[in-house]
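Asker: Letter by letter, the chains look like this.
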Amino acid sequence: MKGSLARSLILLALVYSLAIIAAKEKFFGLTLKSELDPVALGALCVSIFIAFFLQYFFASRAGDLRAEKNLLIEDQKEVLAFAKQCRNILDDCFYAGKIDSQSKQKILSSLRNIANSLEHLDGALRKSQCQELGADFQNIKASYYLFKQTATGGNFPTTPYTATMFVQQDKAYRNLRDHLQSLLFKTNRFQ
Amino acid sequence: MANTNLSVARDFSITPGPRAQEEGDFSGEQFLNQVLLPRFKEAVDAQMRLLVDLDGTEGYATSFLEAAFGGLARKMGAKKVLSVLTFKSEDEPFLVDEITKYINDAER
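Going down the list, the sequences are from chains V and F. Every letter in the first sequence is one number past the one before it in the numbering used here, and letter 51, counting from 1, is 129. Every letter in the second sequence is one number past the one before it in the numbering used here, and letter 52, counting from 1, is 91.
Be aware that a few hints might be false.
Straight-line alpha carbon distances no greater than 27 angstroms define the calculated DSSO-like cross-link-like pairs of lysine-lysine that follow [as the list claims (entries may be wrong)]:
id, chain 1, residue 1, chain 2, residue 2
1, F, Lys127, V, Lys184
2, F, Lys118, F, Lys80
3, F, Lys140, V, Lys162
4, F, Lys118, V, Lys219
5, V, Lys155, V, Lys184
6, V, Lys249, F, Lys140
7, V, Lys219, V, Lys205
8, F, Lys140, V, Lys219
9, F, Lys80, F, Lys140
10, V, Lys162, V, Lys102
11, V, Lys162, V, Lys147
12, V, Lys205, V, Lys155
13, V, Lys184, V, Lys249
14, F, Lys140, F, Lys119
15, F, Lys119, F, Lys80
16, V, Lys219, F, Lys119
17, V, Lys264, V, Lys219
18, V, Lys184, F, Lys140
19, V, Lys264, V, Lys162
20, F, Lys127, V, Lys219
21, V, Lys249, V, Lys155
22, V, Lys162, V, Lys184
23, F, Lys127, F, Lys114
24, V, Lys147, V, Lys219
25, V, Lys205, F, Lys127
26, V, Lys147, V, Lys205
27, V, Lys155, V, Lys219
Calculated from the structure, these hints are not laboratory results.
Could you build the full structure based on these sequences and the hints that come with them?
Answerer: Structure, rendered in structure tokens:
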């Protein structure tokens with residue numbers, strides 16, 4: 079930012095010098111008034127100050143917000159990826175007709191990854207300029223608990239998933255994914 | 040109120056298992072009957088709070104948590120359980136809310 083401010087000031091000085099030279103040499107019909115008008119000079123200074131202030135204030139604010147939104151979107155993508163990974167393991171167990179100890183460990187580990195990445199996302203949302211989107215987080219948390227319940231409730235891991243349980247899991251997964259995607263879109267549009 | 044503590048990994052297993060004892064080893068029911076309930080009663084008698092440390096295991100299925108903590112709430116009452124138990128879960132902080140939900144839901 080300091081570099082671009084310096085470049086702008088150099089450009090301004092260059093334009094000013096060219097205008098003075100052009101006026102002195104009477105190029106393009108320009109003339110140079112030798113007396114100073116303090117009111118006009120003051121107004122010019124104020125205008126230049128306001129223009130610079132607004133430009134840098136809004137540019138810096140918009141830049142910070144975009145960077146924060148990008149970080150939050152990355153966090154949301156991570157949760158979505160873990161949820162998808164967990165759903166794929168559950169799919170494999172359903173088609174294999176059993177939940178062996180390795181699958182049990184994978185399911186629990188991927189659910190822990192979802193929970194911990196959600197917890198991280200919650201913290202990041204609270205610290206960011208998009209903290210008002212945190213209101214949506216309770217729905218996401220509830221849909222995660224429901225997904226975990228349908229995946230590891232009942233007689234997990236002793237009984238393989240029935241078709242009914244599989245449908246419930248799939249529904250819970252889609253519900254979690256919809257809530258996450260909705261938050262992702264809201265984050266991206268946040269002003 | 041002073042604290043006494045119970046670690047699932049140290050006092051029970053690092054691989055918590057299914058819901059019921061007949062379904063396999065280290066079930067929620069086994070944890071409830073052999074560890075959680077006796078320690079809970081000791082804490083109540085000593086007028087202490089029981090800190091349950093959930094860290095150090097490979098993870099908890101809903102079936103295990105519901106059988107253990109929901110089961111405790113069905114035996115002792117949700118209000119009593121919540122006034123005596125506190126939880127520590129650095130490995131997975133969401134577990135605390137999840138368990139509280141199963142305790143509250145157990146009486147419904």
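Asker: Please go over all the hints and tell whether each is borne out by the structure.
Answerer: Verification of the supplied hints:
With a C-alpha separation of about 23 angstroms, the suggested pair Lys127(F) and Lys184(V) falls inside the 27 angstroms cut-off, and the hint holds. A distance of roughly 15 angstroms separates the Cα atoms of Lys118(F) and Lys80(F); the hinted pair therefore holds under the 27 angstroms criterion. The straight-line distance between the Cα atoms of Lys140(F) and Lys162(V) is roughly 25 angstroms, inside the 27 angstroms bound, and the hint therefore holds. At most 27 angstroms may separate the alpha-carbon atoms for a hinted pair to count; Lys118(F) and Lys219(V) meet this at roughly 23 angstroms.
Between Lys155(V) and Lys184(V), the direct Cα distance comes to roughly 20 angstroms. Compliance with the 27 angstroms bound is thereby established for this hinted pair. Of the supplied pair hints, the one linking Lys249(V) and Lys140(F) holds, its CA atoms being roughly 21 angstroms apart against a limit of 27 angstroms. Simply put, Lys219(V) and Lys205(V) have alpha-carbon atoms about 18 angstroms apart, close enough for the 27 angstroms limit, and the pair holds. At most 27 angstroms may separate the alpha-carbon atoms for a hinted pair to count; Lys140(F) and Lys219(V) meet this at roughly 12 angstroms.
Under the criterion of a C-alpha separation no larger than 27 angstroms, the hint pairing Lys80(F) with Lys140(F) is consistent with the structure, at around 22 angstroms. Restraint check for Lys162(V) and Lys102(V): not satisfied, since their Cα atoms lie roughly 72 angstroms apart, outside the 27 angstroms limit. Restraint check for Lys162(V) and Lys147(V): satisfied, since their Cα atoms lie roughly 22 angstroms apart, inside the 27 angstroms limit. Among the hinted pairs, Lys205(V) with Lys155(V) is consistent with the structure: their alpha-carbon atoms are about 18 angstroms apart, no more than 27 angstroms.
Proximity of Lys184(V) to Lys249(V) is assessed by CA-CA distance (about 21 angstroms); at most 27 angstroms being required, the pair is judged to hold. Between Lys140(F) and Lys119(F), the direct Cα distance comes to roughly 15 angstroms. Compliance with the 27 angstroms bound is thereby established for this hinted pair. A hinted pair counts as satisfied when its Cα atoms are at most 27 angstroms apart, and Lys119(F) with Lys80(F) qualifies at roughly 11 angstroms. Between Lys219(V) and Lys119(F) the CA atoms are separated by roughly 26 angstroms; this keeps the pair inside 27 angstroms, and the hint holds.
With a CA separation close to 17 angstroms, the supplied pair Lys264(V) and Lys219(V) stays within the 27 angstroms bound. Restraint check for Lys184(V) and Lys140(F): satisfied, since their Cα atoms lie roughly 24 angstroms apart, inside the 27 angstroms limit. At most 27 angstroms may separate the alpha-carbon atoms for a hinted pair to count; Lys264(V) and Lys162(V) meet this at roughly 21 angstroms. About 19 angstroms separates the Cα atoms of Lys127(F) and Lys219(V), which keeps this hinted pair within 27 angstroms; it holds.
Proposed proximity of Lys249(V) and Lys155(V) is supported: the alpha carbons are some 20 angstroms apart, at most 27 angstroms. Proximity of Lys162(V) to Lys184(V) is assessed by CA-CA distance (about 13 angstroms); at most 27 angstroms being required, the pair is judged to hold. Taken as a hint, the Lys127(F) and Lys114(F) pair is honoured in the structure, with Cα atoms around 23 angstroms apart against an allowance of 27 angstroms. At most 27 angstroms may separate the alpha-carbon atoms for a hinted pair to count; Lys147(V) and Lys219(V) meet this at roughly 20 angstroms.
With a C-alpha separation of about 24 angstroms, the suggested pair Lys205(V) and Lys127(F) falls inside the 27 angstroms cut-off, and the hint holds. Proposed proximity of Lys147(V) and Lys205(V) is supported: the alpha carbons are some 12 angstroms apart, at most 27 angstroms. As the CA atoms of Lys155(V) and Lys219(V) are separated by approximately 16 angstroms, the hinted pair is consistent with the 27 angstroms bound.
When each numbered hint is compared with the structure, a violation occurs for hint 10 only.
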